[in-house]
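K.L.:
Please take these sequences and the hints and turn them into a complete structure.
Numbering (our numbering), first residue to last: 5 to 53.
Everything labelled a hint here was simulated from the structure, so no lab data went into it. Mixed in with the good hints, there may be bad ones.
[What the hints assert, rightly or not] Derived Cβ-Cβ restraints for the label pairs, each shown as a range:
(1) A46 <-> R19: 11 to 21 angstroms
(2) G50 <-> P12: 27 to 37 angstroms
(3) R19 <-> R41: 15 to 25 angstroms
(4) I14 <-> R41: 16 to 26 angstroms
(5) P12 <-> A49: 29 to 39 angstroms
(6) P12 <-> K36: 18 to 28 angstroms
(7) R41 <-> P12: 17 to 27 angstroms
(8) L42 <-> I14: 12 to 22 angstroms
(9) G35 <-> I14: 15 to 25 angstroms
It should be emphasised that the depicted structure is a prediction, and the values quoted were computed from it without experimental measurement. All residues carry an ideal CB built from backbone N, CA and C; glycine is no exception.
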Amino acid sequence: MLTPEPSPYIKPCPRCGVNIPTNIKGCWSCGKVLDPRLIELAERAGAKP
Numbered sequence: 005m006l007t008p009e010p011s012p013y014i015k016p017c018p019r020c021g022v023n024i025p026t027n028i029k030g031c032w033s034c035g036k037v038l039d040p041r042l043i044e045l046a047e048r049a050g051a052k053p
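P.N.:
As structure tokens, this is what we get:
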């Protein structure tokens, strides 16, 4: 029996393992931010006076 290939549009969360669509920027189960660009933007925005 053939097993279906994993969808390229869904990845497991590295923290909790829940399958998350790649267009979502954070895990809705554990709250981990999956897009590192968002963390960099937040750090830059917080550093400005």
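K.L.:
All hints are to be evaluated individually against the structure, with a verdict given for each.
P.N.:
Okay, the hints, checked on the actual structure:
1. A46 <-> R19: 11 to 21 angstroms: holds, 18 angstroms
2. G50 <-> P12: 27 to 37 angstroms: About 34 angstroms separates the Cβ atoms of G50 and P12, which means 27 to 37 angstroms holds.
3. R19 <-> R41: 15 to 25 angstroms: With Cβ atoms ~18 angstroms apart, the hint holds.
4. I14 <-> R41: 16 to 26 angstroms: holds, 20 angstroms
5. P12 <-> A49: 29 to 39 angstroms: holds, 31 angstroms
6. P12 <-> K36: 18 to 28 angstroms: holds, 20 angstroms
7. R41 <-> P12: 17 to 27 angstroms: holds, 20 angstroms
8. L42 <-> I14: 12 to 22 angstroms: holds, 19 angstroms
9. G35 <-> I14: 15 to 25 angstroms: holds, 18 angstroms
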